[in-house]
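> With these hints in hand, go ahead and build the complete structure from the sequences.
Protein chains in written order, with the working numbering: chain A, 1 to 137; chain B, 1001 to 1090.
There could be a bad hint or two in this list.
Said to hold, decoys possible - In silico contact screen, one side only, chain A against chain B (beta carbon under 8 Å); selected entries: (1) Ile26; (2) Thr37; (3) Arg50.
What the hints contain is simulated information worked out from the structure, not anything from laboratory work.
Every residue, glycine too, gets a C-beta built ideally from N, C-alpha and C.
Okay, here's what each chain looks like letter by letter:
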Amino acid sequence: MQRFLALAALFAAAPLAQVGDSSPAILRALRLPALVTEARRAGVPEAAVREVLDGLRRRGLPADEAALVVGEEVDAVNAGAPKDNFGEFVHRQLDAGLRGQALAEAIRAEHRAQGIGRPEGRQPQGRDTARPRGRRP
Amino acid sequence: MNARIRWLAFGTALILAAACSRPGGEAAGGASAMTAVDHAVAAAHAIQANPAATDSILAAHGLTRARFDSLMYEVAADSALARAYTEAIK
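This is how it looks when you write it as structure tokens:
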């Protein structure tokens, strides 16, 4: 009986053990297609969108990091950054070796320096990606 | 007579081989594209419903982390697929 209870406890605990650190990253990655759609709706040229995605993928960035980068760029475009420059700064930073949060922060800092983007301190994780933001067609 | 049958069989085999190896046929491409969105949407819905179990949900959908990343990139890169995915996960 004790053995049975121990086994039952083990199985009950199993789902908890599966709660890994990957969850936030996966949830962020799920937003990548929606963020790219938002960029397209904001008027970013298809070629620029493809170039950014290809660059991110070619450099081996996981989809959650790509979502961070694209989210920053979309915010900048929605705030008035030139649509044709979409991803230009990103490529330079990727070439310099920046990845993940450091890359997202560099993009944000660049946009702030140009007077573009969201106020300091607002984090991209808070955005509601189920409903794309920005200008509507 | 035998030679004629052999030539007919050879010709049929050539036609079948050509039909099967047609690269990027519209029907085949469309079917696989729809599968990618369906696959991504099914995984996304399951993860959104139970974010604490992402790893096991990915496994249940036959996805490794790398394959999942690849799927997200694939859907995002195609404007129609990305739009369909975005609408479906609203």
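> Look at each hint and say if it fits the structure.
Quick rundown of the hints versus the structure:
The beta carbon of isoleucine 26 (chain A) is positioned within 8 Å of a beta carbon in chain B (closest approach about 4 Å), and the interface hint is therefore held. Hint on threonine 37 (chain A) holds. Least Cβ distance to chain B is approximately 4 Å, under the 8 Å limit. Interface restraint check for arginine 50 (chain A): the shortest CB-CB distance to chain B comes to about 6 Å, inside 8 Å, so the restraint holds.
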